[in-house]
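From just these sequences and the hints, can you work out the full model?
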Amino acid sequence: MTSTSGDVGYHDGGGGNKRVLSIQSHVVSGYVGNKAAVFPLQLLGFDVDIINSVQFSNHTGYPFGFEGEVLDGSRLLKLIDGMERNGLLSSYSGDNFPGRIGYILTGYIGSESFLSAVVSVVQKLKGLNPKCRYICDPVLGDNDQFYVPRELVGIYQREVLPLADVITPNQFEIEQLTGIAIKSIQDAQCACCALHDMGINVVLITSIVFPDADENCGGDGERRMDGDTTKKAVTPTPDSIAMFASRRKFCLQSSLQRQSNYMDQSPMMQQEELKTDLVNINDEQYVLYTPRFAGQFTGTGDLCAALFLGWTADDNELSCSLEKLAGTMHVIVKRTAAVAASLSPLINERANTLSSRELQLIQSRDDILHPPRLFRALRVPAKHTEIRNNSKEDAT
Numbered sequence: 001m002t003s004t005s006g007d008v009g010y011h012d013g014g015g016g017n018k019r020v021l022s023i024q025s026h027v028v029s030g031y032v033g034n035k036a037a038v039f040p041l042q043l044l045g046f047d048v049d050i051i052n053s054v055q056f057s058n059h060t061g062y063p064f065g066f067e068g069e070v071l072d073g074s075r076l077l078k079l080i081d082g083m084e085r086n087g088l089l090s091s092y093s094g095d096n097f098p099g100r101i102g103y104i105l106t107g108y109i110g111s112e113s114f115l116s117a118v119v120s121v122v123q124k125l126k127g128l129n130p131k132c133r134y135i136c137d138p139v140l141g142d143n144d145q146f147y148v149p150r151e152l153v154g155i156y157q158r159e160v161l162p163l164a165d166v167i168t169p170n171q172f173e174i175e176q177l178t179g180i181a182i183k184s185i186q187d188a189q190c191a192c193c194a195l196h197d198m199g200i201n202v203v204l205i206t207s208i209v210f211p212d213a214d215e216n217c218g219g220d221g222e223r224r225m226d227g228d229t230t231k232k233a234v235t236p237t238p239d240s241i242a243m244f245a246s247r248r249k250f251c252l253q254s255s256l257q258r259q260s261n262y263m264d265q266s267p268m269m270q271q272e273e274l275k276t277d278l279v280n281i282n283d284e285q286y287v288l289y290t291p292r293f294a295g296q297f298t299g300t301g302d303l304c305a306a307l308f309l310g311w312t313a314d315d316n317e318l319s320c321s322l323e324k325l326a327g328t329m330h331v332i333v334k335r336t337a338a339v340a341a342s343l344s345p346l347i348n349e350r351a352n353t354l355s356s357r358e359l360q361l362i363q364s365r366d367d368i369l370h371p372p373r374l375f376r377a378l379r380v381p382a383k384h385t386e387i388r389n390n391s392k393e394d395a396t
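Numbering (the numbering used here), first residue to last: 1 to 396.
Just so you know, these hints were derived from the structure itself, not from any lab. It is possible that part of the hints are untrue.
Derived pair list, reagent style SDA-like, types lysine to any residue, alpha-carbon separation capped at 20 Å [what the hints assert, rightly or not]: (1) Lys334 / Glu284; (2) Lys78 / Ser113; (3) Lys18 / Val48; (4) Lys78 / Gln42; (5) Lys126 / Ser116; (6) Lys334 / Val209; (7) Lys126 / Pro162; (8) Lys334 / Pro238; (9) Lys249 / Cys320; (10) Lys249 / Lys183; (11) Lys183 / Gly199; (12) Lys126 / Phe66; (13) Lys124 / Glu112; (14) Lys126 / Leu79; (15) Lys131 / Asp314; (16) Lys124 / Ser113; (17) Lys78 / Lys124; (18) Lys183 / Thr290; (19) Lys334 / Thr237; (20) Lys126 / Thr237; (21) Lys183 / Pro291; (22) Lys18 / Arg150; (23) Lys124 / Ile51; (24) Lys249 / Asp197; (25) Lys131 / Val119; (26) Lys131 / Ile80; (27) Lys131 / Cys193; (28) Lys124 / Ser90; (29) Lys78 / Lys18; (30) Lys334 / Leu374.
Since the structure is predicted, the reported quantities are computational estimates derived from the model, not experimental observations.
Written out as structure tokens, the structure is:
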């Protein structure tokens, strides 16, 4: 007799194919949406197919507005249909076939019809490649303000999240999706657990500001045993910002493995024993603190989701990916803030102020290729759950 056990819930991302379909906004000038996501992914070795959900002159925060066009859901489906007719969504067997999309990345989506069309696209691509991973950045808003119609929250909850493998919300977004206000490490754990229960494997909360920093140092001080003593953990203060990453692991273990007297049981008892599985649920969770910069920097969430995709594709160690992400984001924002400060004496209009705060992405290419490990991810003691599944419906 053989036993069945294993780690379920984290699989070979993309089936070995580093090709991404990125559906996000686009701006002519600046770095948000696809402009913030595509360049880093290409630097990290990914082929990126780009669909622009909107094409605007600039991001919508500029004081004198913007010009541009919006892609509706029907036109998105036509683009996908054209790709499929030409074999660009290949269903050929073989994980490394070049036409095979291994990852889907979505960001800002401004309408119900477009979001519903995205659901159809994700379902199609997962049907063609069961190993295709969907990384969803559920752009809803920030700082207690919605950027999109509130009705989209329900569509995300009912239709989008059950398809997602990875989700990268900010604090406001995860609160809207779960209904859990995050004021502590424990709240972050509960919110991530709620998303895991929807079937999402990995949750990254890209930014959290805790109201009481002293009570939310988090973690048990455990660090990865790699001998690296250069990384530092920033003690949380009112001026720090936290990232929180959680990955759910399922370990399915047949009761046959646990019962040493299995062969001494009657056939009926053996049959009953095989119906019972023990499901061990472990949420691997880390918190990481970095200094917070004054001012607003648009596009950081889009960049964050792309980098997280890039570093979790090949690296199975969540803490390592989180440290790379935090270090690179810190350096890019710091460089951007320095440029903005150097130009501030010359600026007398708000539009120019916003322009000076566009991410210094191209100038940071070396930091993307060689991410600095400036901060340490702290392991958070996670909940451990055992569930017995005793099903008699499959009795033979």
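Against the structure, the hints:
Pair hint Lys334 plus Glu284 does not hold up; C-alpha atoms about 30 Å apart against a cutoff of 20 Å. With a C-alpha separation of about 14 Å, the suggested pair Lys78 and Ser113 falls inside the 20 Å cut-off, and the hint holds. For the suggested pair Lys18 and Val48, the alpha carbons sit about 9 Å apart, so the restraint of at most 20 Å is met. Between Lys78 and Gln42 the alpha-carbon distance is near 25 Å, which puts this suggested pair outside the 20 Å criterion.
Between Lys126 and Ser116 the CA atoms are separated by roughly 16 Å; this keeps the pair inside 20 Å, and the hint holds. For the proposed pair Lys334 and Val209, the alpha carbon gap of about 18 Å is at most 20 Å, so the pair holds. Restraint check for Lys126 and Pro162: the C-alpha separation of about 13 Å stays at or below 20 Å, so the hint holds. Between the alpha carbons of Lys334 and Pro238 the distance comes to roughly 18 Å, so the proposed pair stays at or under 20 Å and holds.
As the CA atoms of Lys249 and Cys320 are separated by approximately 17 Å, the hinted pair is consistent with the 20 Å bound. A hinted pair counts as satisfied when its Cα atoms are at most 20 Å apart, and Lys249 with Lys183 does not qualify at roughly 25 Å. With a C-alpha separation of about 24 Å, the suggested pair Lys183 and Gly199 falls outside the 20 Å cut-off, and the hint is violated. With a CA separation close to 35 Å, the supplied pair Lys126 and Phe66 exceeds the 20 Å bound.
Between Lys124 and Glu112, the direct Cα distance comes to roughly 19 Å. Compliance with the 20 Å bound is thereby established for this hinted pair. At roughly 17 Å between alpha-carbon atoms, Lys126 and Leu79 fall within 20 Å of each other, so this suggested pair holds. Taking the CA atoms of Lys131 and Asp314, the gap is near 14 Å; set against the 20 Å cutoff, the hint holds. A C-alpha spacing of about 17 Å is found between Lys124 and Ser113, which places the hinted pair at or below 20 Å, so the restraint holds.
Restraint check for Lys78 and Lys124: satisfied, since their Cα atoms lie roughly 13 Å apart, inside the 20 Å limit. Between Lys183 and Thr290, the direct Cα distance comes to roughly 17 Å. Compliance with the 20 Å bound is thereby established for this hinted pair. With a C-alpha separation of about 18 Å, the suggested pairing of Lys334 with Thr237 holds against the 20 Å cut-off. Distance hint between Lys126 and Thr237 is unfulfilled; the C-alpha atoms sit about 43 Å from each other, more than 20 Å.
A hinted pair counts as satisfied when its Cα atoms are at most 20 Å apart, and Lys183 with Pro291 qualifies at roughly 18 Å. With a C-alpha separation of about 34 Å, the suggested pair Lys18 and Arg150 falls outside the 20 Å cut-off, and the hint is violated. With a C-alpha separation of about 16 Å, the suggested pairing of Lys124 with Ile51 holds against the 20 Å cut-off. For the hint linking Lys249 to Asp197, the alpha-carbon distance of about 12 Å falls within 20 Å, and the restraint holds.
For the suggested pair Lys131 and Val119, the alpha carbons sit about 17 Å apart, so the restraint of at most 20 Å is met. Our distance criterion of 20 Å between C-alpha atoms is met by Lys131 and Ile80, whose separation comes to about 19 Å. Pair hint Lys131 plus Cys193 does not hold up; C-alpha atoms about 23 Å apart against a cutoff of 20 Å. Only pairs whose Cα atoms come within 20 Å are accepted, and Lys124 paired with Ser90 is accepted, the gap being roughly 11 Å.
A threshold of 20 Å between alpha carbons decides the hint, and for Lys78 with Lys18 the separation of about 24 Å lies outside it, so the pair is violated. Restraint check for Lys334 and Leu374: the C-alpha separation of about 13 Å stays at or below 20 Å, so the hint holds.
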